[in-house]
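Between the sequences and the hints, there should be enough to build the whole structure, so can you do that?
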Amino acid sequence: MMINESQFFREVSIRICGSLEIDKALVSCFEYVSRVMPVDELIITIYDAEFKCLKNVAIADAFGAHLSSEEIPLTPLQPHEIQNTERFPRVRKLDNALHDPIIRRLAENRKWPPASVLVNRLMIEGKYVGSFLAMVKGEARYTEEDLNVWAQVNETAAIALANHLQYREVVRVKDLLADDKRYFQNELRKGAGQTMVGADFGLKDVMEKVRRVAPLLSPVLLLGETGTGKEAIANAIHELSPRNSGPLIKVNCGAIPETLIDSELFGHEKGAFTGAIAQKRGRFERADGGTIFLDEVSELPPQVQIRLLRVLQEKEIERVGGQETIQVNVRILSATNRDLQRLVEKGLFREDLYFRLNIFPIALPPLRERKNDIPSLVQYFIQKKAKEMALSGIPVFAPGEVNRMMQYDWPGNVRELENMVERAIILARGDCLKFDCAAGENEPKSRESSKQVEETKTLDEVDALHIEAVLSGAGGRVSGKGGAAELLGVNPNTLRHRMRKLGVSFGRARRH
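Just so you know, we're using the working numbering here: the sequence shown kicks off at 527 and counts up by one.
In case anyone wonders, no lab produced these hints; they're calculated from the structure.
Simulated crosslink set (DSSO-like; lysine-lysine; CA at most 30 Å straight-line):
| id | residue 1 | residue 2 |
| --- | --- | --- |
| 1 | K581 | K550 |
| 2 | K653 | K700 |
| 3 | K619 | K663 |
This is the structure:
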């Protein structure tokens, strides 16, 4: 059958340029090409100069089309040969795909049977960027006429590929921006409406320090037990600082697996490790022009401590797998519930990093040392939870309940109080609120553990007793509603990791 060259050019050009989504364009091309010449597959590949390999972009056959990211490895010499226009002309006809060293690798990768191939080498600004191929099973299936009409669409296919690559980059950047938007909206929702209850009473000294240091750029180290409100203080410092129009990026260092924390904080380059299919900006880059809050900073592995020290000293980072130095303008706030000085003495935390972070420490008192704030905190949490639950009225607590709460030591601090308020509202069913967990069987345990805490010498021992007390109050449950992790306000995996380090048994080990 004679092929009309002008009609072939027009039809293929319209179809391949008809969509920026190359798989849709390719399936439309296949529908037409299969009517005028033998073809089992149409394939578009790109040449990745950075990784010196070919990659399938899209593949179409009689069943449809799909995007692909298959890598086709090349020999060490082939990346140089592939740019040789004399050896590899723009358009070729191969009677057997295995007779060409480059196409052979594609055929082996695709597990083709003996096949014939038409090759359009796609050039942009004189550089080879990829290929547009037609494949049919069997040897010597294509004619010179097929080759001539295939040559007609060389430049059109190159333009279509260039447009697709630009479109893909735009989509990638758009997704990055959308990711940032979701992240910041989530952070705003978390911080929205946060009130510093106790600013004029139990937290008066803390807030005075916050007001003094907030306008400066100095690092701040927040110290205190879990649940004392370190994140709320970090929010206050950021909001009162000249950087309040910039981002506040929060990182729970203890919740990120050790193998991922480098990438999470500093970002990574494409191909830096298995699964790094695209470049990723880390938390420090996202915080540029604003503030980063490193919670549980004591959990950072040694190699990350070194990189963090460099950020503090040089104001620069390098992505994992990258060589480019990136300047970052970030204020660093950090927090811990552990004794960093003792960790330094044990060789578990770098002394130079400790001195850099500890320029302006702020110690937050536990709730048992600011019990006068409990009535205000309870009222605040009742109003907050009633709004979240869309209750028609504001619940009230039964007479004498506040006094009972004042007798409790609150090992989980403000976070435990908030969780108990929420639980009381759920259980109230229209009656006055009662805080059963603030008295009765938990109270002696709390006092006992408080007495034990006073007798301990190390912060790790204090933490272990504290977790034991909360775990007992939670019936031995780490996760789930009312579990120790919820009461302490930490990720269950973070708590399990901490318990292993402290030797606190849980799960089956605890039952035995």
